[in-house]
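We have chain V; now place chain H onto it with these hints.
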Amino acid sequence: MSRPGTLIEPKTVSAEPLIQPGDGLISVVIPVVERADELVNVYRSFAQALDARGQPYEFLLVFDGRITPPAELVMLARQTSRVRILRFAREFGETAALRLGIEKSRGDLILTLPAYFQVRAEGIGALLDTVENGADMAVAHRSPRLDSWLNRMQSRAFHRILKGVSGQQFHDMACGVRAMRRTVAETLPLYGDLHRFIPALAIREGYRVEEVALAQHPSDTRTRIYRPGVYVRRLLDVAAFFFLAKFTEKPLRFFGLVGSAFFGFGALICLILLIQRVEGQGIANRPALLLAVLLVALGVQLIGLGLVGEIIVHLRAPHRRAYRVRERT
Amino acid sequence: MRRNDHCWSGGVRGRIFAVGPEWGDQLVMALLNRPQTTSSPELSIVAPLYNESQNVRPLVDWILQALEVFPGTFEVILVDDGSRDDTWNEVRAAAADRRVIGLRLGQNVGQTAAMMAGFDHARGGIVVSLDGDLQNDPRDIPALIAKLDEGYDLVCGWRRNRQDKLLLRKVPSWVANRLIRRLTGVPITDNGCSLKAYRRDLLDRIALYAEQHRFIPALSASVGARIAEMPVRHHARRYGESKYGISRTVKVLVDLLTLKMITSFRSRPLVGFALVALPAIAIAGVFGGLFSLTHFGIEKASALVFPGAGLLSVGAALYLFMLGLVAEVALSSERKGSFDTPAAVEVR
Chain V
1 MSRPGTLIEP
11 KTVSAEPLIQ
21 PGDGLISVVI
31 PVVERADELV
41 NVYRSFAQAL
51 DARGQPYEFL
61 LVFDGRITPP
71 AELVMLARQT
81 SRVRILRFAR
91 EFGETAALRL
101 GIEKSRGDLI
111 LTLPAYFQVR
121 AEGIGALLDT
131 VENGADMAVA
141 HRSPRLDSWL
151 NRMQSRAFHR
161 ILKGVSGQQF
171 HDMACGVRAM
181 RRTVAETLPL
191 YGDLHRFIPA
201 LAIREGYRVE
211 EVALAQHPSD
221 TRTRIYRPGV
231 YVRRLLDVAA
241 FFFLAKFTEK
251 PLRFFGLVGS
261 AFFGFGALIC
271 LILLIQRVEG
281 QGIANRPALL
291 LAVLLVALGV
301 QLIGLGLVGE
311 IIVHLRAPHR
321 RAYRVRERT
Chain H
1 MRRNDHCWSG
11 GVRGRIFAVG
21 PEWGDQLVMA
31 LLNRPQTTSS
41 PELSIVAPLY
51 NESQNVRPLV
61 DWILQALEVF
71 PGTFEVILVD
81 DGSRDDTWNE
91 VRAAAADRRV
101 IGLRLGQNVG
111 QTAAMMAGFD
121 HARGGIVVSL
131 DGDLQNDPRD
141 IPALIAKLDE
151 GYDLVCGWRR
161 NRQDKLLLRK
171 VPSWVANRLI
181 RRLTGVPITD
191 NGCSLKAYRR
201 DLLDRIALYA
211 EQHRFIPALS
221 ASVGARIAEM
231 PVRHHARRYG
241 ESKYGISRTV
251 KVLVDLLTLK
261 MITSFRSRPL
271 VGFALVALPA
281 IAIAGVFGGL
291 FSLTHFGIEK
301 ASALVFPGAG
311 LLSVGAALYL
321 FMLGLVAEVA
331 LSSERKGSFD
341 TPAAVEVR
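Here the protein sequences line up with chains V and H, keeping their order.
The numbers in this note's numbering rise by one with no breaks, and the one at position 50 of the first sequence is 50.
The numbers in this note's numbering rise by one with no breaks, and the one at position 39 of the second sequence is 39.
Excised from the complex, chain H in its bound form:
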């Protein structure tokens, strides 16, 4: 795969637009400028919470304290993801402060959808997400924002000194991060850290679903975002239990295949399917050759193994081509979405 390098390089002089190479220059567009009303805050902090009743109060206090140095206006959006404990009452109590907004979801929908709920309600031009379990440190937020202002659309936290169990959390996460890096070419060390700062324009371009919060950097890069990473602090869990386990690493592997499909072949699925189908046809050719060699050669081999394997490959290849066409049909009926135009920066 071609690596989209100038996605995260900024600062070229001259009046040109820089776009990811995947779309070509004819798709250049102006920057989205979300109108800001005077009442909406400049910064939104989004924290999803699931059964974190003990953590709500300390989290809010910590965030408010950390943002005392922030010069602009801000809001804190606490999303209660269908908790079964006292979380919602704690959130309501915290929302006595006018800068804090509580959202209660109808049922437990998982971290990605809960984060989307927060993003959809966030009004700030800059949005920061963090975990509700006090493992991220809100004191890192100003630094993230400063980095964002250097000309990035997404700044990811990197838990350099991660305070989690080694075997259950750190090793699987290390492997997953390596795989994501290799597969997508987006050089982010820590995809799993929730502490991230986003520009509003970027959030309007990515719709996260299923369990895609792990893939935010890769998905953002695929719509043309400029991405930076910086080390952040990480603390061991104080209250409550971790909601992760090792069982999800298997699922992450399947999700990686999806990620590859979406990030690389979203706008041309037939190419993705053909990339598998063509080698299959080549293999079929090899088997065909072997068959003719043995069949017409000196040693008469059985007429089953090579032709069988060859026909199987041809069949699989044809099937994949057809699937690619079906995917194109699905795509062509949806083309008008806001999705297809990548982000671009006007370079002066």
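Pulled out of the complex, with its shape left as it was, chain V reads as follows:
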């Protein structure tokens, strides 16, 4: 895939020392896809919090095509190497923005933030400490929650469904505040809308993920009600994630089981109809015949699809491995 995005680099050489990768640099990646109204404030408060920590850092702001970078940040990007601005030529969405940010970042530790406030900036140290103390990824969990019961109810329903299908217990997958090691960020398969499932993806890749409770920001309490289409899409996301997690390596386990159930049921009805026909009963005007025919056809198609899937998986097998070595002696 080509890598769209233009980069605003500092034009004047500033007085500050050049940051070298490897000396504990933190890269803060902020995908800006929906709105940029709080962005300047987000930058200021998190920059302040990171200043207080005394570790070197850089901000990578990735703007989706629709959004114009605020003039103040563009000025900053020209003056200092601490702020870098990337901009897509058209809309590519949050996952692509995150990936571009991760690719262009130089830090050993990557902190992703939403372009608006979800948590208070002061608590961010706890998240970074968790990764520095050995976790592969630390995800923020807004707690205690200040927003309305409607928000909390939606969130709880989403996480319950997620737990039902994947068995993973998370409390706040919607929170975009996540810190991770560079190697982790680089191995995550980020495409489509998978940015929502980053912690779950990391667990699937065999990484250690920890949840850290951070205070919710007061401006994050707006009650969120979306169009019905958004909820449908979210459910489809979960379904796709579940399918990928379980059947990427063995598509026929899924298509074959469903397909042979259809086929078997259809064949059974056919058999019954055949017996009835032999006994002299007319079957031409029976709706069961239509059903049987449909089921048999569907069954064959599903099994065939599964086999094509198996061939594709088999062809990819030399290049991929399901395991990740965490330690070796």
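Just so you know, these hints were derived from the structure itself, not from any lab.
Careful: at least some of the hints might be erroneous.
[To be verified] Straight-line distance between alpha carbons at most 25 angstroms, and here's what the computed DMTMM-like set of lysine to aspartate or glutamate pairs gives:
#1 H/LYS260 / V/GLU249
#2 V/LYS104 / V/GLU58
#3 H/LYS260 / H/ASP201
#4 V/LYS104 / V/GLU132
#5 H/LYS147 / H/ASP190
#6 V/LYS163 / H/ASP137
#7 V/LYS246 / H/ASP120
#8 H/LYS260 / H/ASP190
#9 V/LYS246 / V/GLU210
#10 H/LYS251 / V/GLU249
#11 H/LYS170 / H/ASP120
#12 H/LYS251 / V/GLU211
#13 V/LYS246 / H/GLU211
#14 H/LYS260 / H/ASP204
#15 H/LYS251 / H/ASP201
#16 H/LYS165 / H/ASP204
#17 V/LYS104 / V/GLU34
#18 V/LYS104 / V/GLU72
[Claimed, not checked] Here are the in silico distance ranges between beta carbons for each label pair:
#19 V/ARG233 / H/ARG233: 56 to 64 angstroms
#20 H/ARG178 / V/GLU327: 38 to 46 angstroms
#21 V/ASN133 / H/SER267: 33 to 41 angstroms
Glycine included, every Cβ here is placed at the ideal spot set by N, Cα and C.
Relative to the frame of chain V, chain H by itself:
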């Protein structure tokens, strides 16, 4: 299916190459010769472990003891497949011996992937895999290697006196082995035994995934390996629990279909799909004939059943053909893989 018989026969005199008939002689290639550095051992033992903390120490001791008679250098690779118990600490303790290497996987990925992890890290020209639960006997390893040296790429253990529950383990396994034999034509009695010896060249040609460790002989035969089988000892479980159950036999049946597709039609999926589609067209023809007989004949039958069944068959056949074409497209974009060239032996 044609049976690839000289895959496991060796020892023809004369300067020819023997290749499996599936590829024809134009695909003959030289043997792969993995360069061996002086530091790498000659033999690698791979044992996947999942929640086997009590078994680690006895297993390692047993292996080391059994290999005292082995003249060359060797390494033992213990793969901790994301155990939740104390297995990793036991492995670390065992790795105090320089010949023992421990690998800890990030999460539980199952026996096949854990074995692949071991194979990928194994440096020996000969690799032996065995279960981490002490049911296989490491004392059989020298015999397996001796057999391998007779000119085989894969020697499979055969648990002749299997010490497992009859109804839950032995009967399903017997049925599965029969099915695999019938389907692939590879005459191996016991596909499920983990105790196997491989030549490195073979391991470089098969990439196992999902739960394919059961199908190693069939998959190896499909890339041209010469395979032998020999009886090995088998012991009842001493510590811990078996991680198998009867529920997986259903899954194995679906996997068998995959296996057939991969081993027989990997390089020509359209043929595989056509083998189902053509009979469907023939059936459609039969239904068409029946329809014309009844329609234009004396007794006027309904105009629904026969044409319906005929059209359904035509539809299914067309659909399968198209799927076969899609599979060919997928294949043509991947052709360059190391996969397509089968193994061959230079016969002198």
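Checklist entry - Which hint numbers doesn't this structure obey? => result Numbers 6, 11, 12, 15, 16, 21 - these are the hints that the structure violates, sorted from lowest upward.
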